[in-house]
Amino acid sequence: MDAIFLADDPNTRKQLIGSLAQSFGCVYVCLWSYYFPLPNYLISLDGYYNEVSREPSTSAGSLARSLFHEYCQSIIPLQNGHIPSMA
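Just so you know, the UniProt record's numbering puts 56 at position 56 of the sequence shown, and the rest follows in order with no gaps.
Accuracy of the hints is not assured; some may be wrong.
DEER-style ranges, computed between Cβ atoms [to be verified]: (1) Glu-70 - Lys-14: 13 to 23 angstroms; (2) Asn-80 - Pro-10: 24 to 34 angstroms; (3) Leu-63 - Cys-26: 11 to 21 angstroms; (4) Gly-25 - Arg-65: 26 to 36 angstroms; (5) Glu-70 - Cys-26: 16 to 26 angstroms; (6) Ser-19 - Asn-80: 11 to 21 angstroms; (7) Leu-63 - Asp-8: 31 to 41 angstroms; (8) Ser-74 - Phe-5: 14 to 24 angstroms.
The set of hints was computed from the structure by calculation and includes no laboratory data.
Just so it is clear, the structure is predicted and the values come from calculations on it, not from any experiment.
Think of the CB as a built atom: it goes at the ideal place given N, C-alpha and C, for glycine as much as any other residue.
Construct all of the structure, not just a fragment, from the sequences and the given hints.
This is the structure in structure tokens:
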């Protein structure tokens, strides 16, 4: 798991995250880290989304992929030591 956090090359990190997601049968995986200016918040370092659904897509991509992208762009507050939206 440390290899994912320590990978400098974004392509290597994406491959490692994708392998992790496929190993566990996940549709998506987000890699989060502490947001240093605000100690009780997390930001996304990277993510993997496997779009295998039969959901219709548009030129902008599927709704699920759009929501995943928005989720990865958010700054997540830690609440009572728990990570919200953890699936």
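Outcome of the hint check:
1. One distance hint, 13 to 23 angstroms for the beta-carbon pair Glu-70 and Lys-14, holds here, with the actual separation near 19 angstroms.
2. Remark: the range hint 24 to 34 angstroms for Asn-80 to Pro-10 is upheld by a beta-carbon distance near 33 angstroms.
3. Distance hint for Leu-63 and Cys-26: a CB-CB separation of about 19 angstroms, consistent with the stated range 11 to 21 angstroms.
4. Look at Gly-25 against Arg-65: about 18 angstroms separates their beta carbons, and that is not inside 26 to 36 angstroms.
5. Against the hinted window of 16 to 26 angstroms, the Cβ-Cβ separation of Glu-70 and Cys-26 comes to about 18 angstroms, which satisfies the hint.
6. Distance hint check: the CB atoms of Ser-19 and Asn-80 are about 32 angstroms apart, inconsistent with the given range 11 to 21 angstroms.
7. About 33 angstroms separates the C-beta atoms of Leu-63 and Asp-8, a value consistent with the hinted range of 31 to 41 angstroms.
8. Checked against the hint of 14 to 24 angstroms, the pair Ser-74 and Phe-5 passes, with Cβ atoms roughly 20 angstroms apart.
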